[in-house]
Structures are given as structure tokens and as C-alpha cells.
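Enquirer: FYI, the working numbering numbers position 304 of the sequence shown as 304, with every residue one higher than the one before it.
Source of the hints: derived by calculation from the structure; they are not laboratory data.
Because the structure is a prediction, the values reported are computed rather than measured.
Ideal Cβ positions, reconstructed from N, Cα and C, are used throughout, including at glycine.
Warning: the hint list may mix true and false statements.
Listed next, the in silico BS3-like pairs over lysine-lysine satisfying Cα-Cα at most 25 Å (straight line) [as the list claims (entries may be wrong)]: (1) K289 to K683; (2) K680 to K617; (3) K114 to K285; (4) K607 to K459.
Computed beta-carbon distance windows for the label pairs [said to hold, decoys possible]: (5) H379 to M462: 29 to 39 Å; (6) E208 to E84: 25 to 35 Å; (7) L463 to K642: 14 to 24 Å.
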Amino acid sequence: MLKNYLITAYRSLKRNKAYTILNVLGLTLGITCFVLVGLYVENEWSHDRFISHPSYRFLLTEQTGDGEERTYGTVGVKTFNTIEEQISGVEDILMARDHGAGPLLVEHDQVKFKSRKFFFSEPEFFDYFDIELLQGNAKTALAEPQNVVINASTARRIFGEANPIGEMLHFSGSMNFTVQVTGVIEDVKNSHLQFDFLFNFNLRDEKEDYQIIREGFANSVYGYFTLSEGVAPEEVAGRIKAYYKEFYRDNAEVYAALDRESYVLQPVHDIYFGSNHVTFDEGFKKGNKDNLLLLATIGFFILTIACMNYINASTVKAIKRVKEIGVRKVFGAYRIQLFSQFMGEALLVTLLAVLFSILLTDLALPYFENFMQTSFRHHLLANPVYWWGLFFILILVTLLAGTYPAVFVSGLKPGESLRQGLRPGWLRGNGLRSLLVGTQLFFAALLMSSIFLILKQNKFLMLRELGFSKNDILIVPNNSQKVADQLTTYKNELLKSPYIYAATTGMDVLGFGSTNNSGTAVLDGQSIDTAPVSTYFTVGMDFLEIQEIEVVAGRSFAPGHAADSSAVLVNEAFVRANGLSIEQALEQRLRLYGPESGRRPIIGVVKDFNFQSLHSKVAPAVFTVSGKTNWFWTIKIDPNRKKEAIAHVRNSWEAIETNYPMGYWFLEDNINGFYEEETKLQKAIQVFAILCIVISCLGIYGLTAYTIERRIKEIGVRKVLGAGVKQLVWLVNQKFVYLFAIAFLASVPLVYYFIDQWLQSFAYRINIGVSAFALAGLTVLVVLFLTVSIQAVKAALCNPAQTLRSE
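Full structure from sequences and hints, please.
Expert: Pasting the structure below:
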């Protein structure tokens, strides 16, 4: 019986080739889009899911005196040691840190390259993270300070096919050390951790003889907690707070500061999606759950539109077959048999679409991965989620696309089919088709309006004046000791080029969103609990001039004034946060590193500038003069002669440093990187909005052909009676235009609400206005009108003698 149904379905589809092609093409595009989005969502959602050990990351949130909050991903080594010793319920703490400075030179025999993909951890790393060791022993791989574990890609890059275990690697630059390879791991994918080299937490610098992380970064390390069985993370956070309040009960200032702090133990599985508000963990890979859900919704919209096309086409085809169905019922066909036949057709069409989708997905996947700037952890055909997903889609689409036409057709009565035609009803024929076409146009208008508004916001982000120069700034990491020892010589060489206008060195540069230091800058007579947390920029004396940051009061640093090395400048946000006027701020002195640090005079106030992304308001900032630590060069170049400027910078570098290659990047690229998620979302919605319109047009094209076929005699009569081509084209278009008008008006409030919610994540944002809606509506309307008019014009130009011949 099933074989007969499939044979009948095949013959029916073969007789209606145009109908079959449109349906299969629409469903193929819809399924492919849905599958690609689904694979991306599944890949994103799998981040850190390979970790079986239940652990938690320690986060500290501090409320400043001006009511702002900042959450830190790092605290001090001493703090973690105290917690592990004193707090019940804490079974173990793993301290770790990524590499926050510039790249180092990696050397082995003749192989040399630069990298900054480093992670430092205590030896118990593999007890916390289920990362497979391809070579080496997890218990001993990080047992010694000078041990290193590398990933498989790095092993091939350095050693080729040779065994790397026991080999030595030398690292040089701002840090210098030699390590022995004791393990090789699989490349880490789908994790918040991103590294090529895994070092011991106690690694020592060979030249300066200090522990790079445990001592050099003692106040900013990550802590992963293992808790005793049955102990909730909220309990431990409460015990930590209670312990410190008891410990500092006699120190009123610290006790008051503790009231402004709160602690959270964040599950390791939540780090990827739940850390966008956390600072000082910039080395972690992070995702955006809202954007992911939005893409998933769009993928489902596109699949739904493709199913609607099939339902429309199937009901139209069924109307043409009502007499056939009536005859079959007269000769004894049961409703279940007719239902099964039409479901068989739906299954066959969907199966064809799924098969074509497999081919199209395989072809499109590499481009999609590049487009979304990601890499899937499984090959397409080796991904079990993909095959289960296809099976689910086959069943779902068959049911979505086939159920209504099958129920509609099998429910027709023989008398209704053979004598009277179809009885009118809202869910019979025209009513349902109008609903489905209107829904398709609603989705198209919704997506098009959204993309125009997202484009408008992204353009605003890219063109907004940030308060500093970004298009002509070259950043060069100062990781060579030779160059660091000859700063003046190198600077003089740089300035010999007519394409280099100025250069300065310092610990910090713009473009990272944070700096190497921040803290509570306390004014004279001010309580620490009312002082705002400020970002400290440690820079060269001419940094403000090079970056064109405006000084609105007082003065900038002056190279001729030795006293300026202990002075500071602050921004307007700092002045506001302390409730001062600009004039009052210039009379103040402050301490940057606690009550024991020196008092520094404020000699100037700079205009607010957006050193963080425009998601955030301008935060309080303090500028100090860099001393011996000069990790970066900030170089102002001729933006029209970038190649020549870079060549001179490199030649000047190589005249001093022959072993350590120069690296660089443009400040503008780093700033644009702040909006990587928004740019990715914009591009994805653009593509899917276009595909949504294409799939809708396929359905509307087929429906237009049916409409014209039904009204071809009416068009002929109207033409005989004097109707022109424009009138006849409008006759066919008007119903679709009316449906679009309703769909568009229905989409506007929904788009307005969700885009307004999305814009709330930006401290600086556009006004939504009406222009984007008008442009989106016009775009969809023009495409709709052209799609319908292609066939309407052909019908209007037909000779009435041919269309009315049978009359």
C-alpha cells in the first residue's frame, strides 16, 4: 500500500514539474538555512560542556561611591590562599591566569615565531578540565616550574612529525624563560579557554629571577573552586563575606568597603555566555546568548516560511484536483487513503529537499564558518546531532507542510467536489492562503526592518566621535629587551621618516577596553567607600597629544617638568563621580594605590573619551606617567602612507633587534573589534533576510501564476472592454499589496519593542525613528510588486482572442 502511495505521489509530482521545482527549491533553501543556524547554535551552546568536573569561578563585584558597579574576574593570590585555608566547604582552589602582555618570541632550532596564546595554571589543571592528553601524563605534565604542555597544532608547527616530549623551547621578549615540553593536548575547541601553550603557575623568568605569575601578577589571577559535596556556591560566597567582615571588624574603612563588595561563584559552564559584564578576563572567549537566540528564531522563521509556501502550493494544486478526489471517493476511496496519499507527496517532496539540503549544506558550511568567524568541532557528516536533526526536520517539515493540505483534500465531499465546487470558508482556499502569504510578508518586513535598524546602530558606532584619534595610530608591542634599552635611539630613528609624526612609549595603550591597572583613586579627605573605581592609564608624557585627547582645564604632562612624573590628569567622568567642579578638581591631590601610596596633584582634566566600547558609559580615568615599564609604542603616522610608515618602523626595529621580529596592529582595528558580535549579527541577519524574501517570492510567484490562471478570462474580458496594462497589473497586485500593508503595520510595533530592548545594551544609541521602517517597507514592497508583476504583465499582454476562445 505504501509503495502505491509513493508511486502515485511520484507520478503526481512529475506531472507538475514547475510546482515540484518551486516547492523543492523553497524547502531546500529553508532547511539548509535552518540546519546551518542550528549547527551554529549547537556549536556555541556546547562551549565548556566537555568539562565534567563541577567547578566554579570566583567573581568579585564592587559598587563605587557614585553608584556604578564593576565585576572583576581576578583577585590576589593571597586572597585565594586565605579562602582555601579558612573557608569551610572549599575543597580546592586552582589558580590560573592568561598572558596579559604583548607577544613573546618562541624559538626551537631554526623555528621562530611570535605568540601570546599562553595560559598559566597550577599542576592540577587536568583535574578541572577534561582536555585529552595525546602525549604525556596528566599527573606530572605540569609538576615542575619549567614544564610546558602544547597543543597538537603547535606541536606540528614546531616539531613536524617528530616527538616533542623532552624538547626545549625558549621564549624571549618582555619575559625570558626556557621550558621543557612534557605533554601534547588536543586543540582546545569550544571553551572559554584559548591557548597554545600551557605553563606551570610558578614559571620563573631567567633574567629577572622571579615567578612571572605568582609574583609578577600576584594581585590579578583567576580562581577555580571545587566545593565539598552538598555545599552550595551561595553558601561559600556568604561564608567568605562573613569571614572578611569578622577579620576587619576593627578597621572601619575596610569594613565599610566590604559592604560595597559581593562575591559570586560562577559555574564553569556559565562562563562563556555569562561573563560579558566581567572585566580583567579579556583572555577568555565569550558568547552572546541574546544574539544566539535571535539567530535561532530567524532560522525557524525561514523554515516556517518555506513550509507555508508548500502549504499554499499544495492547497492550490488540491483545488485543481477536486474532481479527481470526488471520483475516487465515489469509487470507494476512504479518507485515510486520500490523507495518506497527500502525506506521501509531502514526505517525498521533503525527502528530496532534505537530500538536496545535505549537498548544499556541505558546500556552504566552509563559507558559513568563515562568515560567522567560528570553527565547528565536528565534521558535518560525522556530527550525530546533524543526522538526528535532519531526521527531526524530515518529520517536522512533512507534518507542517503536509498535514493541512492532506486534511483539507481528504475532507472534501464527493458532491461538493463534482457539482458545487468548494464551499466558502475562511480556512478553505483563499482565506488560509491569504493568512499564510500575509504571515510570510510579516516575517519579511520584520527581518528587513530589523536589519536596517541594526545597520543604522552599527554605522552610528563606527562613525561616532570617540574623543581621540584612531585612524592614524599604529601600536607596536615593545617586547624586545634591546629596543627597550634604546628607547631614545629607536624613537629618533622613527621620527626621521616624513610619514611618522610622533611616537611615545608606555605601559598602556587604547583599544583594549581596559588597562593593566585600576583601583580606587582616593582624594584628600575622602573616604574609600565613596571613591569611584577608576581605570589607570600609565603612558608617556606626550601620549595625550599623540592621541589628540583634549585637555579642557589645567595642562597636560610636560617633558621638561620632572615633577610631572608624580602628577596625574583625570577625565570629566572622574570629576563628576566625585561631585566636584572642574575648578575644584584642579585643587585636589589623590592616592592611587591605597593610603600608604604617595599623594599626587591633579594638574589637568581631559574631555571624556570612549576608551571602552559604546556599550558602556565613559568610566572615571586617571593618567599617570610611565616609568621603567614601557610595553607598547603608540605611533602617529600618515594615514595615506601606511605601508611606507610600517616599512620604516620595521627597518628601524631591525637595525637594533635582529632576532626578535616586530609586531604591530592599528588602533582602529582594535576599536572595531569591540563590535565584533554586532557586526557578525548584522551580516547574518542581512543574508537571512535576503533568503527570507527569496523564499517568500518563490511562493508568491507560484501563487500569482495560480491567481492569473483562475482570472485569465476576467483579464481578457476587461482588456476587451478597454482596460489598460497598468490597470490589469494592479488588478493582480492589489490583493498582495493589501496583505503587505496589514503585515507591515503588524510588524512595526514588534520590531520597535525588540530593537529597543536590544539597544538598551548600548550606553550610546540611535533614536529608532521612522526612516528605517519606511525604507524596509519600501524595499519589501518593491520586491513583492516586481515578483507579482512579472507574470501580471505577461497576462495583460496576452491576446484576448486566445484567452476567450473557449467562450
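Enquirer: Next step is simple, just say for each hint if it's right about the structure.
Expert: Hint check:
Straight-line distance between C-alpha atoms of K289 and K683 comes to about 17 Å, which keeps the hinted pair within the 25 Å bound. Among the hinted pairs, K680 with K617 is consistent with the structure: their alpha-carbon atoms are about 23 Å apart, no more than 25 Å. This hinted pair checks out: K114 and K285 have alpha carbons roughly 21 Å apart, not beyond 25 Å. At most 25 Å may separate the alpha-carbon atoms for a hinted pair to count; K607 and K459 meet this at roughly 23 Å.
The hinted range of 29 to 39 Å is satisfied by H379 and M462, whose Cβ atoms lie roughly 36 Å apart. Taking 25 to 35 Å as the suggested C-beta distance range, the pair E208 and E84 conforms, at roughly 28 Å. Take L463 and K642: their Cβ atoms lie about 20 Å apart, and the range 14 to 24 Å holds.
When held up to the earlier numbered hints, the structure conflicts with none and fits them all.
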